[in-house]
Every structure is written in structure tokens, then in C-alpha cells.
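Trainee: Residue-level listing of the chains:
Protein chains: 2
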Amino acid sequence: MRVSNSIRDNFGRSSWIRRMFEEGRKLRLELGDAAVYDFSLGNPDIEPPAVFGEALERFALDVRRGTHGYMPNAGYPHVRAIVAAHASTEQGLTIPADNIIMTVGAAGAINVALRTILDPGDEVIVLKPWFAEYWFYIQNFGGTFVGVDTRADWHLDLGAIEKALSPRTAAIIVNSPNNPSGVVYGREELAALSELLSRHGRASGRWPCLIADEPYRQIVYDGVEVPSIMALYPETIVATSWSKSLSLPGERIGYLAVSPDAANAREILDGLTLSTRILGFVNAPALLQRVVAEIIESKADISSYAHRGRILTEGLRASGYEFPDPRGAFYVFARVPPRSVASPEDPRDDVAFVMHLKERRILGVPGIGFGAPGNFRLSFCVPEKTIRESLPGFAEALKAW
Amino acid sequence: MRVSNSIRDNFGRSSWIRRMFEEGRKLRLELGDAAVYDFSLGNPDIEPPAVFGEALERFALDVRRGTHGYMPNAGYPHVRAIVAAHASTEQGLTIPADNIIMTVGAAGAINVALRTILDPGDEVIVLKPWFAEYWFYIQNFGGTFVGVDTRADWHLDLGAIEKALSPRTAAIIVNSPNNPSGVVYGREELAALSELLSRHGRASGRWPCLIADEPYRQIVYDGVEVPSIMALYPETIVATSWSKSLSLPGERIGYLAVSPDAANAREILDGLTLSTRILGFVNAPALLQRVVAEIIESKADISSYAHRGRILTEGLRASGYEFPDPRGAFYVFARVPPRSVASPEDPRDDVAFVMHLKERRILGVPGIGFGAPGNFRLSFCVPEKTIRESLPGFAEALKAW
Numbered sequence: 041m042r043v044s045n046s047i048r049d050n051f052g053r054s055s056w057i058r059r060m061f062e063e064g065r066k067l068r069l070e071l072g073d074a075a076v077y078d079f080s081l082g083n084p085d086i087e088p089p090a091v092f093g094e095a096l097e098r099f100a101l102d103v104r105r106g107t108h109g110y111m112p113n114a115g116y117p118h119v120r121a122i123v124a125a126h127a128s129t130e131q132g133l134t135i136p137a138d139n140i141i142m143t144v145g146a147a148g149a150i151n152v153a154l155r156t157i158l159d160p161g162d163e164v165i166v167l168k169p170w171f172a173e174y175w176f177y178i179q180n181f182g183g184t185f186v187g188v189d190t191r192a193d194w195h196l197d198l199g200a201i202e203k204a205l206s207p208r209t210a211a212i213i214v215n216s217p218n219n220p221s222g223v224v225y226g227r228e229e230l231a232a233l234s235e236l237l238s239r240h241g242r243a244s245g246r247w248p249c250l251i252a253d254e255p256y257r258q259i260v261y262d263g264v265e266v267p268s269i270m271a272l273y274p275e276t277i278v279a280t281s282w283s284k285s286l287s288l289p290g291e292r293i294g295y296l297a298v299s300p301d302a303a304n305a306r307e308i309l310d311g312l313t314l315s316t317r318i319l320g321f322v323n324a325p326a327l328l329q330r331v332v333a334e335i336i337e338s339k340a341d342i343s344s345y346a347h348r349g350r351i352l353t354e355g356l357r358a359s360g361y362e363f364p365d366p367r368g369a370f371y372v373f374a375r376v377p378p379r380s381v382a383s384p385e386d387p388r389d390d391v392a393f394v395m396h397l398k399e400r401r402i403l404g405v406p407g408i409g410f411g412a413p414g415n416f417r418l419s420f421c422v423p424e425k426t427i428r429e430s431l432p433g434f435a436e437a438l439k440a441w
Numbered sequence: 041m042r043v044s045n046s047i048r049d050n051f052g053r054s055s056w057i058r059r060m061f062e063e064g065r066k067l068r069l070e071l072g073d074a075a076v077y078d079f080s081l082g083n084p085d086i087e088p089p090a091v092f093g094e095a096l097e098r099f100a101l102d103v104r105r106g107t108h109g110y111m112p113n114a115g116y117p118h119v120r121a122i123v124a125a126h127a128s129t130e131q132g133l134t135i136p137a138d139n140i141i142m143t144v145g146a147a148g149a150i151n152v153a154l155r156t157i158l159d160p161g162d163e164v165i166v167l168k169p170w171f172a173e174y175w176f177y178i179q180n181f182g183g184t185f186v187g188v189d190t191r192a193d194w195h196l197d198l199g200a201i202e203k204a205l206s207p208r209t210a211a212i213i214v215n216s217p218n219n220p221s222g223v224v225y226g227r228e229e230l231a232a233l234s235e236l237l238s239r240h241g242r243a244s245g246r247w248p249c250l251i252a253d254e255p256y257r258q259i260v261y262d263g264v265e266v267p268s269i270m271a272l273y274p275e276t277i278v279a280t281s282w283s284k285s286l287s288l289p290g291e292r293i294g295y296l297a298v299s300p301d302a303a304n305a306r307e308i309l310d311g312l313t314l315s316t317r318i319l320g321f322v323n324a325p326a327l328l329q330r331v332v333a334e335i336i337e338s339k340a341d342i343s344s345y346a347h348r349g350r351i352l353t354e355g356l357r358a359s360g361y362e363f364p365d366p367r368g369a370f371y372v373f374a375r376v377p378p379r380s381v382a383s384p385e386d387p388r389d390d391v392a393f394v395m396h397l398k399e400r401r402i403l404g405v406p407g408i409g410f411g412a413p414g415n416f417r418l419s420f421c422v423p424e425k426t427i428r429e430s431l432p433g434f435a436e437a438l439k440a441w
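Note that the protein sequences, when read in sequence, are chains C and Z.
For the first sequence, counting from 1, position 159 maps to 199 in my numbering; every step adds exactly one.
For the second sequence, counting from 1, position 90 maps to 130 in my numbering; every step adds exactly one.
Chain C on its own, in the form it takes in the complex (with noise of 0.2 Å):
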């Protein structure tokens, strides 16, 4: 037996995130733990909230019969009512129990909403800077990937997406808050965005789906808002996850919400329940959808994440870097800056400056894995300890680049 030609390419493209993670973990072996300061990853280091542990506790030793059981594919009837209701008040619009389909994570999700909606050769448009991960959901189906551009900031780009509408457009994946740039899209360029979405739907016949990725909505900082796009675009899809609020990505527990306003919403539905059948998923994990359910409004402590931020921000700031305040999410996207030092090469080559953090123990991500080269990733779910005894490193790189 041998891969099929498509895994054997994807080799290829192999994630900068896990490369630098085996960086790390070569780094690490050869120096010790404690001396390499690591933000390469996005796995969220606080513990998930008490209640979690006791409500899997009282599951644990609940043995009625049937419930470690298959349910209807979209998840347990009582579980999605739970969370259309959690979710209704989130996006500010009724979600009937029927519009939500508990999924396999986030991940899972996006891929259970484009194996449903994408016919070989569709377009999905995708913005800059982007969760390299997509790349590879849309290929799953035989997508096209479009990458579009943004704005300087990385807000939203309305001509760029304009002009890469077409009759294939099947979708567009929003991610806000955005990893790894931090943005939280406002409320403004998002109801533009559905104006212009609305519009190409009128004129072609065919309106884009809308695919919210919504993992990060409840981290964000200093009270920022996440506008809700279902409220303000009928064709919306929001995927989401327990993921980072209650901090267990191992679990694999999140669902999808179709707007109850989308025009096919009923055939919609039946084609997810369909897809989270056939891709073998089968159904969401039975005993994490019941404690879900059971203590949906409970998060994770977030608060150490805005902490360690500012420690990162104000230390990087203070050395000279550059980049747009993290609104939400747990990462730096800063600018590789410029090369004092004459070089021949991309004098904003972020897989250069990456290596050069790398002479000092500092891991972080190119930008050019997330479709933004002249950039670099930090992710800042790392013990304090971390970024406070990285900044020298930070700022003798700078010197010396």
C-alpha cells in the first residue's frame, strides 16, 4: 500500500507550527526545559474551571442504561437545547435546539460544515493572516483555497474580497478573534462585509456561506466586544468549541450553529448531521456533551492570559517591536523588523528572524505559515516565568539583526 499523492504533497507543507514545536523539542533535549523559552504552541495551560472535574465526576458514577450510547448524530436533544439557548444569547438571535449540531471540536466542525456544502472545485475564501490548518480542511473536499488580503492592521480588506468573489465562491471563513493576529473584527466592517456577501448573493444567485470560527469569543481583553456575524449575515454557520473557554482541547467537544435566518437552513442541517456521520465522527463525544451542557455558562480562569499578555506586549513594545495590540486570543503577531545589518535576501524574512530568536533560546512561528510572511507568531498560554526571563533575548535579537 502507499499514500495517496495528495497526503504525500501535504508532507510537504507540513505545519511551521508543529516544525518549530520539534525545533523545541530537539532545543529542549539538548539544553533542558528551562532554558528554552517557548511560544510556539497554542495548547491553553490553565486547568480546566472545578466544576468541570466534579461534573464529570457525577457522570462518572451515573450508570443508568444507554448512556455511553450512540444518540441521533447531531448530539443529545436536552444538550443542543442547552446550547441554542447558551448560543442565542451569545449571538443575539433565537438558535432553535434544531440549528445546533454538537461536533468533534472546532476542527471537526469545520470540517463536518465544508464536506456538506462543497462540490469539487468550489472556492472558499480565506483572509490574511490565517489558521494555516484551513488549507488543508478545504483540500479534504476538493476545495479551492482562496487567500485573501487585509488591511495593513489586518482588519477586513472589503475590496480585496470583492474582487475574489466569483460563481464558485462557496464560502468564506471569518476567524475573529483572530489567531494568530489577535484582531477582533468590529461591528462596522463586519455589517460591510455582509452587505457586500449580500449583494454578490443577489446578483450571482449563489450566496456565500459564511463559516464564523468562533474558538476564541470569550478570550478576549479589556472588554472588547465580539460583534455576532449571524446577527448581522443570514447565511452564517458559527463553529465553535469548548475548547480554549474551558480549556480542554484534548476532549474534542464543540458544535456548529446555523442561523435560523439562512434561506436552506432545514437541508443545511440534515446535510451536517449527514456529514458527522459519514466522515465518522459519528456523533460528538456522549459524556463531553453532557458535561457541557451541565455547566455551559462555567469558563476557564482566563484572567492569567490578559496578564501574561501585557508582561509580552509591554516587554516587546519597550525593546522596539512592532504589532496591533491583541484584542483577543493568546498571541503576539508582531513585524519582523528591519534589517540593520545590509542583507541580500527579503530584508523582512520572517523564517530568518525566527531563526535568529532561535540562537537564543526563543521559539516562536513565521508568518509565512499563516499566509503573512514579514511577520512572526508568540503565543503567550507559556508560564510567566517564561516570557519575563525571554525579554533580554527579545531585545539583543533586535539589536543584532
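Don't take every hint at face value.
Repeated chains share a single entry, so a pair holds when one copy, or any two copies, can fit it.
Computed list of lysine to aspartate or glutamate pairs in DMTMM-like fashion (alpha-carbon distance at most 25 Å, straight line) [what the hints assert, rightly or not]: (1) Lys425 <-> Asp262; (2) Lys168 <-> Asp193; (3) Lys66 <-> Glu307; (4) Lys339 <-> Glu97; (5) Lys439 <-> Asp102; (6) Lys66 <-> Asp341.
In case anyone wonders, no lab produced these hints; they're calculated from the structure.
Following the hints, position chain Z against chain C.
Mentor: Coordinates of chain Z only, in the frame set by chain C:
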């Protein structure tokens, strides 16, 4: 937005199992639960063993840092090592921990395997009678489903398989113990299959991957042996789950094991790991991985399946129904009796016979749903009382046919 053409077409192919389950739901609403004899679903109805709840409880209280976080996409290293030791004993050859990929159930496992090996247009051989979901799994990644006949007793017809092999054959799926027929393929026929596939591999240069779908391996009767296919054919990937053996299909936990003798094992494993990630599974649920590793030698008390299977098979046979005795799994796959009343239709029309049973409030699934018209499937994971009380209805149905 709209659903893709492929999903819309699939609505029409909707599962006969689900359709009959839906019929059952209506009938129960109309007549009450107790009045309906529902043999349509293969949903294990016994409880997980007590050690499962105990392990779950221990882990619920175990709040060490990161226990619900990401781990490598293939699973926890310690879990893979424990599963490898278990699988090695089962399969009778030494499988290294690296050859195990933890998955979201067996359905997730097969999708991951097919994503890894299929290019569009590649063919996958599936043996009659087949689990209907294979058709979708193959279609997900642009593969072509090649249904192949077996003998009248459902054992392998090597001539038919030989005719179906082509240079486009990427894989063959072998499900033993078989759903729906209850057949367990014997060592000799499997050795002959290995010989045939090897001959094809040597001649064509393309060795078909044999996907051994084994979720029912533990559910066998009268001490029947389930030979290890992996020990007979080197290019084998075992796909399985704990859904049946621990009776927890809703929790979605299983694994893939790649033969240590496979020619490209390392590349295949890298592909399976990548596919796990990019299909959005990311990893098998963290908690369930740890629990199954903890209780790997346990199984649910499946003795009642044997008991209930005996009551159903003896009862049916006494009325005059014909079928091979189920050697594994929990289904009877019976022949539609010849019609005594003249009919212009197919005298063995399984859909008509299933509707005929439904008039007696008995629900089964027509064989056409498994590629084998002229038969019908009855699941015996239903209460003993249901079986006993349904028997007069079965007898009547046969007389009135």
C-alpha cells in the same frame, strides 16, 4: 448557501437502518414502546463493565496540569504502548507502539485510513453483505466503491475478488465478524485471500491495502476463532474500537494498527497521523484514551448476547426461517422466505417482507441496505422479552407470506 451535489445525492441513499429506526419511532409513538419489536438498530444495550466507571471517576478527580490538553495527534505515547501490547497479543505478531494511531471510533479510523491512501478514482473492494456506511466513507475522498459477491453462505469467493482487482485497486475492506451476516471468515480462506492479493501486488506493483474492520472481534459465540488477517497479509491496517467490547459506542474511541510487515509502514503512519489532524479529529478524546488504556483487558459482560441470540435463532428456525448461524456480532441475517402467495414482484423482495413484518409490529432492515437483497437483518441486542414476544409474529408472518 446550499448543500453540495454529493450530499444532496446522499440524502436519497439514506440508510435503511435509520429509515427503519424512524419507522419504529413512529410506530412506538402510535402504539406505545412495549407493542413494538424493534430489531433495527445495532446499539449495544448492555452496560460498560464496572471498572469503566471506576477508571472514569479516578481520572475525573485527577487534575494534574494538562490532562485535558492536546497530546500528539496519534495519541498519548503511554496509551499507544499499552494498546500495541494488547493488539500484539490479539493479532499474534509484535506491533510497535509507533504503529498504533488512536482514533475517534472505528468509523473515524476507516475515514482516516481512506483519506490517507485514496486518490480520486482509486477503487476499494467491499464484500457482500456490507456495512452500508462504507459507500459514503469511500465517496468522501473521491474513491470508487467496488461491491463484490461472496458465496451463498457469505464466505469469500476468491474468484469474484480476483475479477474485481485492477491497477486502480487501492484497498479491500474485510469486516469479520461480519455485520450483518454474523460470518467469521476462516483461516484458510483468509490465507487464500492473502495469496491472491500478494500475487496481484507482485504482478501489478501495487499491493492493495487490506483494511480489517474488527469492532466485533470480541463478540463471538461457541469459542469460534477470529484469525488474525494482519498475521496473514503484510499490507494490513486493523481498524477497530471499544464501542462493542466495552459497550460505549457514544464515546468514540478506537484505534488503527498498521502491520509491522507493511512495506511503507513509516510513510503510512505519517499519513494516518496527518489525516487524523487535517480531517479535524485532531486526536482521539483524551480522557477516553486514558480510560481504555487503564482497563484494556476488560470487557462488558457480553454473555447475554449469546443467550439472546440462541432464543432468536431457535425461535426463527422452529418457524421455518433459514440463515447461517451467527458466529459473531449480534445479528441474524435471514433469507426472505419464498412467497407461497403468487406475486408479480420479486418472490424474495426483502423490502416487501420487512413491511410485511412491520404489519406485525416487528422491525428489521432489508438486505438491500447491505447490498444483499433477498435477506433481512435482525439485531439481537434487544431485551429477551422483546425476542420471546415477537416469535409468534414471525411465525404468522411466514405463514401469511
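Trainee: Each hint needs a verdict: does it hold in this structure or not?
Mentor: A quick look at each hint next to the structure:
1. Lys425 <-> Asp262: Close inside one copy (23 Å), not across copies (62 Å); limit 25 Å.
2. Lys168 <-> Asp193: Answer is within; shortest intra-copy Cα gap is 11 Å, inter-copy 59 Å.
3. Lys66 <-> Glu307: between (49 Å within a copy, 22 Å between copies)
4. Lys339 <-> Glu97: Close inside one copy (18 Å) and across copies (22 Å); limit 25 Å.
5. Lys439 <-> Asp102: neither (60 Å within a copy, 46 Å between copies)
6. Lys66 <-> Asp341: neither (32 Å within a copy, 46 Å between copies)
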